[in-house]
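Participant: Okay, here's what each chain looks like letter by letter:
2 protein chains.
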Amino acid sequence: MAKRYSSETYVQGILAGNRVMLSRAITLAESKLASDQELAQQVIDEVLPYAGNSMRIGITGVPGVGKSTFIEAFGNYLIKEQGKKLAVLAIDPTSQRTGGSILGDKTRMESLSVNPQAFIRPSPAGKSLGGVTKSTRETIILCEAAGFDAIIVETVGVGQSETAVHAMVDFFLLLMLAGAGDELQGIKRGIMEMADAIAITKADEQNVQKAKAARAEYQNALHLYPLAASGWMPRVSICSALQNSGLETIWQAIADYLELTHNNGFFEKKRRDQNLQWMYEAIRQGLEDNFYTHQQVKEQLPNVAEQVKEGKKSAFAAAAELLRLV
Amino acid sequence: MAKRYSSETYVQGILAGNRVMLSRAITLAESKLASDQELAQQVIDEVLPYAGNSMRIGITGVPGVGKSTFIEAFGNYLIKEQGKKLAVLAIDPTSQRTGGSILGDKTRMESLSVNPQAFIRPSPAGKSLGGVTKSTRETIILCEAAGFDAIIVETVGVGQSETAVHAMVDFFLLLMLAGAGDELQGIKRGIMEMADAIAITKADEQNVQKAKAARAEYQNALHLYPLAASGWMPRVSICSALQNSGLETIWQAIADYLELTHNNGFFEKKRRDQNLQWMYEAIRQGLEDNFYTHQQVKEQLPNVAEQVKEGKKSAFAAAAELLRLV
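In order, the protein sequence lines correspond to chains A and B. Quick note: the first sequence, position 136, residue 136 per full-length UniProt numbering, numbers continuous. Quick note: the second sequence, position 280, residue 280 per full-length UniProt numbering, numbers continuous.
Hints are supplied without guarantee of correctness; some may be wrong.
Just the calculated beta-carbon pair ranges, DEER-fashion [as the list claims (entries may be wrong)]: (1) B:262 - A:52: 29 to 35 Å; (2) B:52 - A:82: 53 to 59 Å; (3) A:223 - B:249: 25 to 31 Å; (4) B:110 - A:259: 48 to 54 Å; (5) B:293 - A:80: 23 to 29 Å; (6) B:272 - A:259: 44 to 50 Å; (7) A:289 - B:209: 54 to 60 Å; (8) A:223 - B:6: 43 to 49 Å; (9) B:209 - A:213: 26 to 32 Å; (10) A:302 - B:35: 41 to 47 Å; (11) B:324 - A:80: 29 to 35 Å; (12) B:300 - A:292: 34 to 40 Å.
Taking lysine-lysine and the DSS-like style, the derived pairs with C-alpha atoms no more than 25 Å apart in a straight line are [said to hold, decoys possible]: (13) B:312 - A:270; (14) B:309 - A:312; (15) B:309 - B:298; (16) A:270 - A:84; (17) B:270 - A:309.
Please keep in mind that the hints were generated in silico from the structure rather than gathered at the bench. Don't be surprised by glycine CBs; every beta carbon is placed ideally from N, CA and C.
Starting from the given sequences, assemble the full structure and let the hints guide the process.
Facilitator: This is how it looks when you write it as structure tokens:
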């Protein structure tokens, strides 16, 4: 158990950019202990006025697309060429299943992890998606208060977590492989339509032609989609982390997106909507936590659920029956 | 207020295919009165063993795509050529806003509405989406128990209701106009990826070439999507309700889909998953109804929400504060 300080100590440390204090506050936010949660909440509320001044970028793609390599290359670009202070966070509720293919192993981002302008934080493994996204959202706020002005939230493109990430970032970047066939890439249906940009990775050596063809195809497909509420037309580009190529084009897409949405008011509106959405989700989560941990509900749910699945009891009668227990 | 009978009377009437009893049971299910709800629940539970033997088809498309005309033509095809008994239901939580562009006006389906093999039921206007989808799900069960073996659930392709419909049907058909430009069509992002089939409507006279070009384009775009869990590759076809053309092709897609998914077990699995999903949604709805109608929550929510939107209070602190009130 890490040492606990007063909320004042955490707040001052974070605002001074103290990485150790930042890390400890995040650990507090991730803790399941009620006393830790309370303290974390106090810290978050106090640093809140200093948060928000960042660009929040969601990055997803299936294992094998080269996410870590891309984030390392792009992260270094953001720091060196754009003067950003970068925090890289990860959402991976499935890490136990997939064997920790996400940030768990920090050494996958060697140069970034030792860069004083970068802060890398893997998500705690084995928690529920709701739990992980809650602490990731709080971590974004803590990092922003500590002066990080570019936040990358990484997730594996295979499950529900993309929707959760999409709901907490300003810009959503989807990494794709050329010529792998989408069914092989395993991208969940619906994710492509959330993307503000698609980057075809590993566009180097004999892959370049294939990557260019994929770019044309995806660009074409995206044009068939309805225009997003942001007024932004998603862009497709190719890149190679190996050759450090294509990173500027991706940055330009992000910069153009930010300019457009700052000017048309969408950026501010989206942030406000997201804040409210987080609140409603936290309420729902709280209500469901109370309900599903109730002793009688826990006892009767499996049997009732089985009857519903088999069509022996209607879903509504079952819900009413369980709700009466609380 | 319609006359109320014993649950036994409703059940026997429904199982005998009595349309008046069916209508009254649906009205009961739509009612907000607790006593009506209780009676409806009793009826639904008793007819449940007789429900489920139908194909449930979701149909969506923006206003102007010709949904009612299509459903009338396709419905008549299903009845006359495929020997189906057809129920057409509608989900339209926005009907007050859009001026009742959905089934509200039964006369839009003149020939179908007088066909003894068809049963048309608009959704009650002005209820919440949750409320509408709950009663639509119950209506599906009641109609099936009354012997309707093809259920069409219609919705307007502009909002959240598509996701709700998608979660309650076996097959999801998206109607599109050729050459209108997707941004004009206003289809919400993500809906195209839910479609098991896309039908380009109004492919008649000078529109035929345009429709064929659109078909090729969409078919191409759909191939870029990952394969659905059903193993089904979505089909695109053209049709004209005016000329009664293309209806058989659409029917064939549905029939092929049903054959495939019955054989590979996906159909049964999806139905079971949907049952369970309905239960969890009904629980969530029940929990939230209790919470948001709580007097103190109602009083304090607006102010707290405003602080969250403005970034003055964190979403989590706000949620915790409100949850403590109950």
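Participant: So, for every hint listed, does it hold in this structure?
Facilitator: Each hint, compared with the structure:
1. B:262 - A:52: 29 to 35 Å: Violated, since residue 262 of chain B and residue 52 of chain A (Cβ atoms, about 52 Å apart) do not stay within the stated range.
2. B:52 - A:82: 53 to 59 Å: Holds, at about 58 Å.
3. A:223 - B:249: 25 to 31 Å: holds, 26 Å
4. B:110 - A:259: 48 to 54 Å: holds, 53 Å
5. B:293 - A:80: 23 to 29 Å: violated, 55 Å
6. B:272 - A:259: 44 to 50 Å: Cβ of residue 272 of chain B to Cβ of residue 259 of chain A: about 49 Å, so the range 44 to 50 Å holds.
7. A:289 - B:209: 54 to 60 Å: Given a distance of about 57 Å, which is inside 54 to 60 Å, the answer is holds.
8. A:223 - B:6: 43 to 49 Å: Between residue 223 of chain A and residue 6 of chain B, where Cβ atoms are some 59 Å apart, the hint is violated.
9. B:209 - A:213: 26 to 32 Å: holds, 28 Å
10. A:302 - B:35: 41 to 47 Å: violated, 31 Å
11. B:324 - A:80: 29 to 35 Å: violated, 47 Å
12. B:300 - A:292: 34 to 40 Å: Roughly 25 Å apart at Cβ, these two residues miss the hinted range, so it is violated.
13. B:312 - A:270: holds, 16 Å
14. B:309 - A:312: Violated - the C-alpha atoms of residue 312 of chain A and residue 309 of chain B are around 44 Å apart, more than 25 Å.
15. B:309 - B:298: Distance of about 17 Å is within 25 Å: holds.
16. A:270 - A:84: holds, 22 Å
17. B:270 - A:309: holds, 10 Å
Figure legend: structure checked against the earlier numbered hints; hints not met, in rising order: 1, 5, 8, 10, 11, 12 and 14.
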